Every structure is written in structure tokens, then in C-alpha cells.
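Same order as they appear, the protein sequences are chains R and E.
Just so we're aligned: the first sequence equals residues 279 to 505 in the working numbering.
Just so we're aligned: the second sequence equals residues 1243 to 1719 in the working numbering.
Check the hints yourself; a few may be wrong.
[Said to hold, decoys possible] Distance condition first, Cα-Cα at most 30 Å in a straight line; then the derived DSS-like pairs of lysine-lysine: (1) 1348/E to 397/R; (2) 1418/E to 494/R; (3) 1320/E to 458/R.
Since the hints were made in silico from the structure, they are not lab data.
All values derive from a computational prediction rather than experimental measurement.
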Amino acid sequence: MSSPNPSAPDSRTAILGRLRAAGDSGPLPALDTAVLERRQWDPAERVTRLRKGMEAVHTEFLDAKSDTWPAVIRVFCEREGLKNLLYGPTSEAGSALAAAWAPEGPQLKPYDRPVEAFKQELFGDIDAGFTGTVGGVAETGGLLLMPGPAEPRLMSLVPPVHIALLRASTIQDSFWSAVKALGWGRALPPNALMISGPSKTADIEQTLAYGVHGPKRLIVVLVDDLK
Amino acid sequence: MHAEKEIHFRDAAAKALLDPQLRANFRRAMDGLIAKRLAQFPDPRDLQDLRDLSTAIRSRSLLCLPELLEQLEASCAKNGIKVHWAETCEQANQLILGILQAKGAKTLVKGKSMVSEEMHLNAFLESKGIEALESDLGEYIIQLDGETPSHIIMPAIHKNKDQIARQFSQKIKDAKYTEDVDELTAMARKVLRQKFLDADAGLSGVNFAVAETGTLCLVENEGNGRMSTHVPPLHIAVMGLEKVVARLEDVAPLYAILTRSATGQAVSTYFNLITGPRGEGEKDGPQEVHLVILDNGRSRIYADPQLRATLRCIRCGACMNHCPVYTRVGGHAYEAVYPGPIGKILTPQMEGVGVRHDLIHGSSLCGACGEVCPVEIPIPEILVRLRREATHEDMGSTVVGKGTGRTASEDWAWRLWAGVLKRPALYRVATWFATRFGKALPASAPLIRNWTQSRTKPVPARRSLSERMRAEGVSHE
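Using the sequences provided together with the hints, build the complete structure.
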């Protein structure tokens, strides 16, 4: 195989050469994943665990049903006095939200341009960002997101409030089982991530402070779609 | 030789011990971290199973290291991530400078990266007229004061909030004095948000690189890592060559044990998987992503079957949190990029066991580090091995500076010791003298002085054990 960096092929050859010269020492140890397989709960328990784990790190939850969640978000925005909400107009969750949104009150703002033409507004004028999720993690609490063309990466990072839609039926047992269920181990989009709460730090005297660089609040709109 | 370059951990440690504020800052922080870690592992069986699995995954990765690195390179290339290789820190710095200059970048925001500390990248870039700004709150705090990290996870752990409050009020424009942690954090947020917005490039480390998918995994709580890697148009990631694992499934247990061991968290705020630059139709994300793979002595460590275990490290910092030496002297006394137990085995292997002879002896070998290590690195055993390497040239190893830690006085002492022990008659005479006159030996006598500096002088028994056994008629045992 040729080096993709022709300017320094010598380093590559030298490094790999030294590693090869060391030779292997012994057979590959077996992987016993029983400790990961023990992490299993029924769907209702998964919801409880996820909620408990995420609330412990200051995530807030809003309960909703399959047909009420846009209204729940609207009530939240009005109550909190948010003047706008960033959304992805071509995403499934985003278009459903827009379809149900009344024109007066908090404004829906589409993220429909390349960030170069949107950076100042994004950093300065957006009160909250709304995204969907592709699942959740019960063991520790966490949301799984796959940003992309319909839901750009910075929607869940730059606005001071992140509102995320989570359907209870998509919550997996653990990150390990989610990787398998979502097929992430085979192919991944340019960005995928897990989020467990609002941005935080303990770098000053081990004292927790929320909202250091990313969102100061994470709001999960939890849709109860379990039978 | 290099005796003049020798760094004295002993002196730096002695100085640190006299600083009550420093000791209090570390004691409080380490006690907190120990308790939080313990609370995350309520079931000892689960902990041991997870450690065994994590150890096996890291060992497997190392056994296939050259193949995995090639696979990682190919996967990254497929995803549009450009991979570069650097044998030395100097090469890595030049590579990064070249990437930045090609894009005309003048400002760089950094997520936390210990490898970039290893490279002294900030100082290098500043000398070339490029601003390199740390954005992790702890790293930002110490960069304001021109300091280096004192802990690999919590770089500003040596400072308390009064010290940070004073520093912010002096160094941040228009900042008022406050000791409120939320207000201090908000000040840093304001400054750094503008920097993220304006930066020409972002740099990050890599917690795990997945060969099969070509994915760079970043673990963080603050969001500065995501800001640094997603907002600027150019993202450069740097990693030590040992960071690669085969599959994303392998990452799950490593991630689970990393956050629990490091800060006692079951999960970090963000676990960010970067598999490529801005894709087709994407509206944000960097246009270019580069990955710099650094050797800097790692391939040499790799060559030794026992020392190779050093490369299993996932940089959680649990060994320092639990180290009785680190807790008392803090991270700066080590005068090394990686402090604490892992630093005591890594630094001498990178810089030479002769020049960093002091580090391999700065341990009581209590074993706490090995006991808490999530990937079961036998740190105490490796320390003992390196002590031996430091005084023996002939062990057939690839250790840098082997044999150079040997001193004439130590050599002489051991020879004398061996000479006496090999001659029973001489031994009896020596013990007779030691038991009768040992008491009269002054505490300030050479060799004894090193012991009596901080301990009382041992008083030999009036008669040796073998003398008493003979007198009491015990002929065997």
C-alpha cells in the first residue's frame, strides 16, 4: 500500500518497520464480553435508568406522547421565554415540528445554509437548538445522535439550550449494544455522538459548573411510545 | 555523560512537600477522585471482569499494532481523513506547521491533548507566529500562567479557586474579581466562544482510533473538544501510535472503564465519534481533517515484551490519583509531561533511564497504581525492571540509557556487600562488629545519612540471630 502522504514516506516505513521487527509475542487473548452482556433491562426499566442517569447530571425531561411532543416543546419555549428555536427543516423530527408550529410567539429558525454564512447568527442570536436522536443508552444514561445534512453538527452544541427528541422505544441497554443495534461498528457517518447532559467542568477545585462551552441546559422530550 | 542534565525529582519533591497550600489542594482533589471512582465499581466481580476485558482488548490491539495502523490509515483515507506519520516530536510539529501554513491558518484552538504537550506544540507554533490557545478550562487556566499540566486529566488541579480568581481578574480583560466558580467559568466561556468562532484551525487528541471504521473517538465533558473539532474549517488530530483498536465494539468497554477510573463518572457528557470531514450536503464540520500519528520512542518500548505493557495505557490518571507520592508532591515535581506512576515508567523509557533515574526510584512500590490500573499495567514490576536496566548495560534490552544510572559509590557498596556475604568468616566478623559497635556509628555517616534524613537510625541488636542460635543450641534453621 502506498503512503497517502508522499512528503514523509520514510517515517511511515521506519515506524512500521520497527513495529514489525518486534514481532508478535504469543496468541491473541480471548475476549470475554459476559460483563457487557449482563447489562439488560426490559423497555420500561430502560426508560427509568436512562432518566435517572441523565437527571443526575442535570438533564431535564419533558414527558410527551407521539402526537403531543411538538406542543410540549412549544409550551416549554414560551414558558422559558425563548425567542427562537433552531431546527433542521429536512429532518424527520424537524419537519414534523415545523408542520405543527404556529407562526406567532417563539420563531422556528431553519439551519439551511453552510455555517460560513451563518456563524455569527448561530453564536450570537440563537436561543435553543432542536434535534432528533437515533436512540438512547439505559445503562449510564445518554442520547445517541447522528448529525448530518438534515441536522448539522453544531445544532446540539452552540445554542445555550439543546432540546432533543427521544422515543422511549429506541433506548438500548448499553453503548455496546447500541453500537451493534445501530450498525455503527460497520459504517459511521462523518460524525456520531453520545450526549449525557449539558456541558460541564470540574476543573476549578473539583467543583461542578454547568454550561462551560456547550449548552447550559439539555432538555429531553421523552415520547412514550412503549406498548 | 549526561549527569549534568539529570533532573532531581528528589529536590523538587522536597520543595513541594514544604508547600501546605499545594498539599492541601492535591489531598482534597485526590480524596474526592478516589471516592468517586470507588462508587462507580460497587461490584468487585464486574470491575475485575471489565478490567480483564479491557486488558485483553488493549493487548490484542498491541499484538496486531502494525496491521491495525495500516488498516486505520486505509480506512481514514477512504473517509477523507489525511494520515501523517511522525517519528519524532520535531517531525510532528513540522507536519502540523505545514498543514496550518498550507491553509494560511494563524490561530489554532486546542482541545485537550497530552501528545501535543509531549511535542511542546504550543511553544513551537508561537515561535512560528501562530497562536495556539488551550480551550479546556483547566488547560486554559494554566496557559494563562505559562504553566504545564500537573495532572493528565485535571491539568489545573494544583490551583485553588482563590488563586484562579486572582489570576482571571489580572489576566482577562474587563474581568472583575470573583471566587464564584460559576462566574469564573462564565468568564472563560465568554472569551473562548469568541476564539472558537474566529479560529482558523482546531486541534485535538484522540482517546481511541478505530481501525475498521477509521473513526477518531474523543471523550470530554466541556464541549470544547467538539467546538475545536467542528467549528473551525480545519481539524488536526494528534495521537500516539498505540491508541488504535480494531473495532468500535472494542471501544465500548474501554470507554466504560476510562471515565469511571478517571473521574468516577459512568459516562462523560460527550463521546464524540469523528469519521470524516464535512460530508456531502453537510452544512458544518471541518472541510479538512488530518491525523498525525506520533512514535516518539513508542516503537522502541514496543520491542520489549515486558515493557510493551506500558503502551496499554488509556490515560485515565487513576494511578496518580491513588499514588501516595503523587498526592503529596503534586504533578509538577516530576518535571515530566506525564507525572505520577505511569509517568515514572513512561518518561524514563522515552528520555532515558539514566537521565530520569530519580523518577524510577521515586516510588515506595506500594502497588496501589497496579491495583487500580484499568488495563492492569504492572507498573511496580516495570519500575523494578527499569531500576535494574538503569544499572545494567548487559540485559539485551532496547532501553535508552541502560547502565548509565550506575554510580561508583553504589557499585562499591554492592561489591563490598557481595564480598562479605560470600565469605562466612568475614561475615561473622562483620556482624560481630556491627552488633557491638553499630550503635556508635553516627547518624550522619555516609550511606546511613540517606536513611536517617527522615527516619531514626536503626539500632542493631546486641547479638546477631546466628550468634544467639549458636548460643542457644539450635543447629538447623
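Hint-by-hint comparison with the structure:
no., hint, in the structure
1, 1348/E to 397/R, "19 Å, holds"
2, 1418/E to 494/R, "22 Å, holds"
3, 1320/E to 458/R, "22 Å, holds"
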